[in-house]
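Assemble chain B onto chain A, guided by the hints.
Residues per chain are reported as follows:
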Amino acid sequence: MPVSQQKALMRDVYLAIGSLLLAGLLFYGAMGLPAPRFEPMGSAALPRILGGLIVLLALMLLFNVWRKLRAAGVPISEAKSSADVQGLAKIRPLGVPACLALYVGALDFLQAPFVISTVVLVVVLGMLLSKPTLRTAIIFTLFGVVISVSINLVFTHFLFVDLD
Amino acid sequence: MWEAFQTLFQVDNLFFLFVGTSVGIVVGAIPGLTASMLIALTLPLTFHMMPVNAVTLLIGEYVGGISGGLITAILLRMPGTPASIVTTFDGYPMAMNGQPQRALALGIMASVVGGIISWFFLAGMSPLLAKFALQFGPWEYFGLVMMALVMLAALTQGSVIKGLLGAVLGMAFALPGIDSTTGRGRLTFEIDSLLSGFGLLPVLIGAFAISQILKETAAPIAPGPGFKLPKGKLPVYWKDARNHGANMARSGVIGTWIGLLPGIGGNIAALVSYTTTRQLSKEPEKFGSGHEPGVVSGETANNASIGGALIPLITMGIPGSVTEAILIGALTIHSLQPGPLLFQNAPEIAYGIIAAYLVANLLMLALMWSTVRYIAMITQLPRPGLLTGILVFCVVGSYAVNNSYTDVWVMLAFGAIGLGLEKCGVPLGPFVIGFVLSPICEEKLRAALMMSDGNVADVLTRPYALLFLAVALLTLCLPLFASGKKAGLAPPSEEGKA
Numbered sequence: 001m002p003v004s005q006q007k008a009l010m011r012d013v014y015l016a017i018g019s020l021l022l023a024g025l026l027f028y029g030a031m032g033l034p035a036p037r038f039e040p041m042g043s044a045a046l047p048r049i050l051g052g053l054i055v056l057l058a059l060m061l062l063f064n065v066w067r068k069l070r071a072a073g074v075p076i077s078e079a080k081s082s083a084d085v086q087g088l089a090k091i092r093p094l095g096v097p098a099c100l101a102l103y104v105g106a107l108d109f110l111q112a113p114f115v116i117s118t119v120v121l122v123v124v125l126g127m128l129l130s131k132p133t134l135r136t137a138i139i140f141t142l143f144g145v146v147i148s149v150s151i152n153l154v155f156t157h158f159l160f161v162d163l164d
Numbered sequence: 001m002w003e004a005f006q007t008l009f010q011v012d013n014l015f016f017l018f019v020g021t022s023v024g025i026v027v028g029a030i031p032g033l034t035a036s037m038l039i040a041l042t043l044p045l046t047f048h049m050m051p052v053n054a055v056t057l058l059i060g061e062y063v064g065g066i067s068g069g070l071i072t073a074i075l076l077r078m079p080g081t082p083a084s085i086v087t088t089f090d091g092y093p094m095a096m097n098g099q100p101q102r103a104l105a106l107g108i109m110a111s112v113v114g115g116i117i118s119w120f121f122l123a124g125m126s127p128l129l130a131k132f133a134l135q136f137g138p139w140e141y142f143g144l145v146m147m148a149l150v151m152l153a154a155l156t157q158g159s160v161i162k163g164l165l166g167a168v169l170g171m172a173f174a175l176p177g178i179d180s181t182t183g184r185g186r187l188t189f190e191i192d193s194l195l196s197g198f199g200l201l202p203v204l205i206g207a208f209a210i211s212q213i214l215k216e217t218a219a220p221i222a223p224g225p226g227f228k229l230p231k232g233k234l235p236v237y238w239k240d241a242r243n244h245g246a247n248m249a250r251s252g253v254i255g256t257w258i259g260l261l262p263g264i265g266g267n268i269a270a271l272v273s274y275t276t277t278r279q280l281s282k283e284p285e286k287f288g289s290g291h292e293p294g295v296v297s298g299e300t301a302n303n304a305s306i307g308g309a310l311i312p313l314i315t316m317g318i319p320g321s322v323t324e325a326i327l328i329g330a331l332t333i334h335s336l337q338p339g340p341l342l343f344q345n346a347p348e349i350a351y352g353i354i355a356a357y358l359v360a361n362l363l364m365l366a367l368m369w370s371t372v373r374y375i376a377m378i379t380q381l382p383r384p385g386l387l388t389g390i391l392v393f394c395v396v397g398s399y400a401v402n403n404s405y406t407d408v409w410v411m412l413a414f415g416a417i418g419l420g421l422e423k424c425g426v427p428l429g430p431f432v433i434g435f436v437l438s439p440i441c442e443e444k445l446r447a448a449l450m451m452s453d454g455n456v457a458d459v460l461t462r463p464y465a466l467l468f469l470a471v472a473l474l475t476l477c478l479p480l481f482a483s484g485k486k487a488g489l490a491p492p493s494e495e496g497k498a
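Protein chains in written order, with this note's numbering: chain A, 1 to 164; chain B, 1 to 498.
Just so you know, the hints here were simulated from the structure itself, not pulled from any lab data. Think of the CB as a built atom: it goes at the ideal place given N, C-alpha and C, for glycine as much as any other residue. Careful: at least some of the hints might be erroneous.
[To be verified] Derived DSBU-like pairs: lysine-lysine, alpha-carbon spacing no greater than 30 Å straight-line: (1) Lys423/B x Lys90/A; (2) Lys68/A x Lys423/B; (3) Lys286/B x Lys239/B; (4) Lys7/A x Lys90/A; (5) Lys215/B x Lys68/A.
[To be verified] Listed below are several chain B residues computed to face chain A (Cβ distance under 7 Å; list not exhaustive): (6) Leu164; (7) Met171; (8) Gly389.
In isolation and in its complexed conformation, chain B is listed as follows:
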């Protein structure tokens, strides 16, 4: 770990971490632009980078992207990212009551504390979990992948059927290409360009960036409401440690553990933490009207969820959310396989991610503390210029992957598919994670069946695999049972958005 910090403190790595965190904060602060979109757009640029540089840049963007959302959540009641929705409950009323700086100061401090708490879990648990995961064979991995997919599909907000359909459709789109076992084309329909399958990057950029921009352009584009932050320092006091310390510690732990579970993002972590804090409070009636603990609990938990979500990513190669799926793509691009062997084969990357996560949080504190006033101004940039620039960058980024316009057409097609799915209430998270996990799922199942001579009952002799499959089954059955009891699987309206 010490060596990872030494590597991280080299000038180039620190530079990329600084750039990633700064850009992440700005993008996170702009409503409509998310950390996932930013990371997907940055991936083509990382091709030519050293793996450690690429990882530090992306981790910086992730931390900055989630943290930046609090600025507009507090000042404009427009959460920059879904993870900051809870911050609007008390942050905006505080700003309206003449305390915008106090709300920002508490939000920034809470974000950093949440990040640090989850870093301890990440640094402490990851090497041990990775060692444990070394015992896993193909059945265990198959069970784990199924569990992650089903949890993600079933626990996303909205219809369970649509969540599952999104995951299965994503898996189906990963099928075309050369079958690695037989070496023959599969579902290519004699189209040569399909032999290499759909590239991960064009699919990610299309599904996340293009579909989001097309959705934004279809809506009326009005200039954002302005908010001028009064001059003066951000007020934070030593007594805050005493007043909010327990809340931060509890919310940090809640955020980390919720982040660990696949499919439950920072927004749910923040909401659970906020609800818990309100239930434990002696003044629950003050929540929602500009109460400081409300801002603290939400912001601590949403940042802590990042550290939690990174644990299954680096120890088992299982993405907990879309952003982690994109990070898996980034590691794959650099010929690195996330999972337990990452600690043996590329310790500088495994420990580098852990070290970069901590330093990115500290950098985020320094950057947001000193520049929050200017970031608030950047969020007022004209939308048409911003959207046009991103569209051009999407095209160039997809083309740069293989110097091929086929990838650009694939990106446009997946942009249309993503937009269509969202219009129909199908969440994009399970779709993209299904696409990423489909090859792993098939590979492990085929290997497991080969090892057991086609005997599916062999899984009964593998307790961990059975446990994972049982959790998957339970996750699937409980919401279906519950919604079935309510005499309706889900309203077919605008729900189901990831």
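Excised from the complex, chain A in its bound form:
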């Protein structure tokens, strides 16, 4: 079985496990809901129905994986990545969401000023997505200033949303 197909099967397993966990959460949440009093269905019915459907579909997914593995006769542990991701591209998949979470955290918990935080975010993301050179830093600083000041102006003065 090709490595890419083994990886896809592993993703199906993760999806099924995640779905089963969510179904468990639905059943657990539905347990604390009151029994129906003035209507036949009640508020716990849909979480239970959806939980049941999720379990069914997750099990079908797992059965599918098991059947394909059995047909191929190859243990899943043999799956190894041959992709060789270089440099910044290696950091990007985690770096971009991490920067974004830090930015929102700074705005939310530290109440950092919008314009300054946005300029910093734009510069960091810009360098992460292109090349970390002085020229990139200057270009993205200017871009950050333009974008943050204009968004701040539009939202504060025209849409009456205070971003700070």
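This is chain B only, laid out in the frame that chain A set:
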């Protein structure tokens, strides 16, 4: 209808339609950015607008977003939107054979004709269908919602199981919040911020914009290939009406009817139309090597599918695709309930959508005809700057909904969920539409059961409800049966992308 056109021709409405169509064309022309993403990002801005202004802006973006995709599809073989994939088959070879302007001219003309054909269906059928839908009770609506959900989940490309799982997961995420019947919190786990549930906008922006950008940033970001469009007019002749008229009419009708069906987007409409044209052609061997009818059929059908998809949206409040689900969100934000009563309660909106769709198509023609050269240049904008700007706008847009950072965290969480689901091959379309339709589905089912004293068999006395549920069941069973026969429900690879 006449009054709707009069309202539309007021300066502010025309301005918003112009802005929407222009921005839509540019965004549609940039590969990776879609009309759904643009509309989701624009929604927060429409809060402070008059409903008619908001609707004209969004319809303009929708029409422009689908049409703009043809530019890069023809010049770079990179479809700006999935609906333009078919255009690459013959449009790009035409550009390579030294006829880029001719391919663009035909593509633009076909798009407009497709839009106009589907407008006739939209304007002619919608009021009648809305009147008919007034007879529907809760069972019929429940059946209709189930049919739309199952069709969307089962007919998306890829695994049926994953399509259904996406829809059910989307429905599950809509459950937390205060239960409207009992007035008590449900699945809130004593977290106060969950009492209001997950907001539609943060979920949409997260699932569509954030997940898409995170996916793009994970891939190597290389500068796009350049293409300089030669100077000169776009060549179109009167004889084209004779040569391509029948093809346009047929493709327009195919596109409209495929657009009507939930879950089958413009890309499938274009593909079906392209295949039909090739099968009917006397020179089928020329298709794929730069044959004009190929460009015409694909572009006519993908634009016509928009008008078709708008019909169930405004007559019954049922979204046919993700973009319509977002449009439902836009109407809900303005306290408007799409469905048959829209024609009675807010005729200026119902007819306004129909009128705006026609004018947006004409505006698109004028804009693309005069500025196609410059739009082709805009698509060469550096990706890092573009992606960074959109990320900032996603954060600000989500925050602006309720002036709350909780919505921003929700958006980030759904961005991660959307990315994870896509990685696992679960299409995002059913997920988002499940999220939008879940409250309607539950409300109608509970109302139906209350009216029938809990007797489920009451549905057997409702022929339309039975018909909708039967179609849903058939849609579900046929692909499962077919794939089961092939001894494999679906390959667990990169398939399943909406």
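Status of each hint after checking the structure:
Proposed proximity of Lys423/B and Lys90/A is supported: the alpha carbons are some 17 Å apart, at most 30 Å. Using a Cα cut-off of 30 Å, the hinted pair Lys68/A and Lys423/B holds, with the two alpha carbons roughly 19 Å apart. The straight-line distance between the Cα atoms of Lys286/B and Lys239/B is roughly 20 Å, inside the 30 Å bound, and the hint therefore holds. Among the hinted pairs, Lys7/A with Lys90/A is consistent with the structure: their alpha-carbon atoms are about 19 Å apart, no more than 30 Å.
Distance check on the hinted pair: Lys215/B and Lys68/A sit about 28 Å apart at the alpha-carbon level, within 30 Å; holds. A least Cβ separation of about 6 Å between Leu164/B and chain A falls short of the 7 Å threshold, and the interface hint therefore holds. This hint holds: Met171/B has a C-beta 6 Å from the nearest C-beta of chain A, less than the 7 Å allowed. A least Cβ separation of about 6 Å between Gly389/B and chain A falls short of the 7 Å threshold, and the interface hint therefore holds.
Every hint from the earlier list agrees with this structure, and none is contradicted.
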